[in-house]
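J.: The primary structure of each chain is shown beneath.
There are 2 protein chains.
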Amino acid sequence: MAMDADLKDRIKQAVADGFDEQIAFTQKLVQNPSLRGHEHSIQDLLFRELQGRGYAMDRFKMDHAAIAAHPGGSKISEDHSDAPIVVGIHRPRSETGRSLILQSHLDVVPEGLHDMWSDPPFSGKIEGDWMYGRGAGDMKAGAAANLFALDALRRIGLQPAATVYVQSVVEEESTGNGALQTFLQGYTADAVFIPEPEEEMLVRANLGVLWFEIQVRGVPVHVREMGEGANAIDAAYRIIGAVREVEEEWNADKAGRPHFENEAHPINLNIGKIEGGDWASSVPSWCNVDCRIGIYPGVTAEKAAAEITERVRVFAEADSFLANNPPKVVFNGFYAEGYVLEEGGEAEAVLGRAHEAAIGAPMKSFMTAGYLDTRVYALYNDIPALCYGPKSRNIHGIDECVSLDSVRKITQTMALFIAEWCGTEALDG
Amino acid sequence: MAMDADLKDRIKQAVADGFDEQIAFTQKLVQNPSLRGHEHSIQDLLFRELQGRGYAMDRFKMDHAAIAAHPGGSKISEDHSDAPIVVGIHRPRSETGRSLILQSHLDVVPEGLHDMWSDPPFSGKIEGDWMYGRGAGDMKAGAAANLFALDALRRIGLQPAATVYVQSVVEEESTGNGALQTFLQGYTADAVFIPEPEEEMLVRANLGVLWFEIQVRGVPVHVREMGEGANAIDAAYRIIGAVREVEEEWNADKAGRPHFENEAHPINLNIGKIEGGDWASSVPSWCNVDCRIGIYPGVTAEKAAAEITERVRVFAEADSFLANNPPKVVFNGFYAEGYVLEEGGEAEAVLGRAHEAAIGAPMKSFMTAGYLDTRVYALYNDIPALCYGPKSRNIHGIDECVSLDSVRKITQTMALFIAEWCGTEALDG
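The listed protein sequences correspond, in order, to chains X and W. Straight run, no breaks: the first sequence in my numbering ends on number 429. Straight run, no breaks: the second sequence in my numbering ends on number 429.
In isolation and in its complexed conformation, chain X is listed as follows:
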């Protein structure tokens, strides 16, 4: 059921009218250095913002035991965040429409070396159409858009005619356990919408992700006797070679996988972090390598993890040093399956109309190779899971930034989507 053209225009104008305020709030979010474990103050900020708008509030911790017992639970490490999950709840007077979850995460990835950035990583600086800062695109612009899409409806005297949960989670960048906890807490709806920076496109398919650390230990010696010892850093690199073989085999296995077979290299192994040894003149006795690899939808984390573990074991057995010093493979983060959004659903149709009304062109969809929280809702809530959001540059990189023009447009798309998906009623009070 399409909306009338006049309502569409009023909604778009309402987003535009609130956009200066939206930019200011987005900037406030970007200026908060909400790195893993340090999302407490930003989650409190979201709590106050939602409460101030009159939403019913829920706030809860992650249940480590319940997460560990769930097949979608990623591994808890000592770096895991204990910042709370925040949910703001809109309940309509008359529950006539379809309910909705608007989700975002406020944790950001490490900023990297500051001296590589043009401005400090949490500057929130605006230059032309772009707002800069770690998390500007991924995904503080989207987090703000969740609030301001609903605010736009209020601005013209409307509210959703269905329950809407605004969820603000953490741990999206390392485990996805924040999203899983919303499921374990019992939250669900008729659809979920997550405004990740997806270049104004809809995510059609998404890889799962595994994190693991390869831990090598070995007997160190004085360099004058190098032949007698073995170098744990060199040994770690040999193991990386073995895991790269797994990566290439998984890439070769793309044939027959509809959303992946046309990608040149769908599965990426990233050697993300390495630490080993104590100083130049001692043969290193230890080396830890942190890796991330993608897995196809339909392949469980457990199966993929077992394959990596076994490959490292077999490789080590045939290596003279590693055979005596068996390395460990420790899964210490993402342990997450991928998902596919089947074509032709009603939620996608509504989003397509909203997109066309806001952007003026048909919506495209695509496969993305990074982890998305959408997988929790697609796999476990079993609801239509829409991931769609603004244009950005260099997410996870240096000088990350988000296009403000695009943020305005996708916020218009979102407000239009909410109005049609949930229906509208006159604002309370």
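Calculated from the structure, these hints are not laboratory results. The model shown is predicted, which means the values in this text are computed figures rather than measured ones. Heads up, the beta-carbon is just placed ideally off N, CA and C, and yes, glycines get one too. Don't take each hint at face value.
As the list claims (entries may be wrong) - Now the in silico label distances, taken between C-beta atoms and shown as ranges: (1) W:VAL314 / X:ALA318: 52 to 58 Å; (2) X:GLU199 / W:ASN324: 24 to 30 Å; (3) W:GLY128 / X:SER41: 54 to 60 Å; (4) W:ALA361 / X:PRO326: 52 to 58 Å; (5) X:GLU78 / W:GLN51: 33 to 39 Å; (6) W:ALA306 / X:GLU245: 37 to 43 Å; (7) X:ALA318 / W:GLU249: 44 to 50 Å; (8) X:ALA318 / W:GLU307: 19 to 25 Å; (9) W:GLU245 / X:GLY298: 41 to 47 Å.
For chain X, the structure is supplied; the task is to place chain W on it using the hints.
T.: This is chain W only, laid out in the frame that chain X set:
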């Protein structure tokens, strides 16, 4: 001029008589965690011990500018120790013998992972013939032997009939600048003796050593766009490959080098420490690799460093990622030439007689591939530089230990050497 047999026996007995005390003092040194930069309290302990025995005392800092200006000066980094150098001075009533420097270093290398040690790394535990602990062999047993060899002569009413400098330095494990500072401070003598753990053998030739850090920087990206970015950890490993080629060329160049051509692999490149990246899911934008490589005597540090720097530059130019992100090679520690002790010197002859009297077999000599402070005295003081000391196990490794039986024997060798080299006179007062 050989000593009479009776004096030899009295000296050996005097060492044996003081050996319980020597063990207790050695243990006290081993129990002090005198890691780089943390040698202040142990140098004060040595100062008090020397002063308590009535030696004239000198204590001084390193002169960074003078070290930087000297061709034997290693590179000063922010990790450089500022602990003082301590010298205790014995002056005889009648300067009839040959003067001597007894040198030792009290800095130790990092202990490595504690959970790999059978006991805590600074336990000083004695089990059977072995005293355990980081630095037990390298070279706290030798540092104690310097004092107790002189004490043994006192025990039988004798003292050296020549000036003896007992030098306690730091920075031996990373730069050798402590030893160089004693030269810059004007100390010299007719010979130097350094009781490093050399398996009761004399060091005939010793490689020089260079330390350097390879620093890679590059543009990071989200793993979903890995093809666009480049992985600094991977790039660092490619550079290591280029430096390994230098290592193999230098090994191939052993032909015609008398003390090295019969060694299977005289030049060792050690990849001692690596750090790169921030976490698993970001393509790493930085990686630092700390390396150590040996150089032949007669090859200056400057020439060898230039060769490594140039090789890395040329390699990077041909690498698509590194060409746009030129790596740096920073020399940050040892920048030291090697040395050869020419055969047939008088100091060696005296030591050979002392060794045979203490150990009962002819003294052997050998080439060692690790850095030794002896190079300062051989190259710059231009005096006979004797490096000879006890049997040890696992120096720089796990469960480092020193043989107490061997420590007693080499202390006897040392006391006999001092008595013949310096001559003796009746003790003062």
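J.: Mind checking the hinted window 24 to 30 Å against the Cβ distance between GLU199 (chain X) and ASN324 (chain W)?
T.: For GLU199 (chain X) and ASN324 (chain W) the Cβ distance comes to about 26 Å; the hint holds.
J.: Quick check on a hinted range of 41 to 47 Å for GLU245 (chain W) and GLY298 (chain X), using CB atoms only.
T.: holds (45 Å)
J.: Do VAL314 (chain W) and ALA318 (chain X) keep their Cβ atoms within the hinted range of 52 to 58 Å?
T.: For ALA318 (chain X) against VAL314 (chain W), whose Cβ atoms are near 35 Å apart, the range 52 to 58 Å is violated.
J.: The hint says 44 to 50 Å between ALA318 (chain X) and GLU249 (chain W); measuring C-beta to C-beta, is that right?
T.: Between ALA318 (chain X) and GLU249 (chain W), where Cβ atoms are some 30 Å apart, the hint is violated.
J.: Lying within 52 to 58 Å: is that true of the beta-carbon distance ALA361 (chain W) to PRO326 (chain X)?
T.: violated (43 Å)
J.: Starting from the range 54 to 60 Å, see whether the pair GLY128 (chain W) and SER41 (chain X) falls in it by beta-carbon distance.
T.: The hint (54 to 60 Å, Cβ to Cβ) holds, given that GLY128 (chain W) and SER41 (chain X) are roughly 59 Å apart.
J.: Is 19 to 25 Å right for how far apart the beta carbons of ALA318 (chain X) and GLU307 (chain W) are?
T.: violated (36 Å)
J.: Starting from the range 37 to 43 Å, see whether the pair ALA306 (chain W) and GLU245 (chain X) falls in it by beta-carbon distance.
T.: Between ALA306 (chain W) and GLU245 (chain X), where Cβ atoms are some 39 Å apart, the hint holds.
J.: Return holds or violated for the Cβ distance of GLU78 (chain X) and GLN51 (chain W) against the range 33 to 39 Å.
T.: Violated - the Cβ-Cβ distance for GLU78 (chain X) and GLN51 (chain W), about 48 Å, lies outside 33 to 39 Å.
Violated hints for the displayed structure, listed by number in ascending order: 1, 4, 5, 7 and 8.
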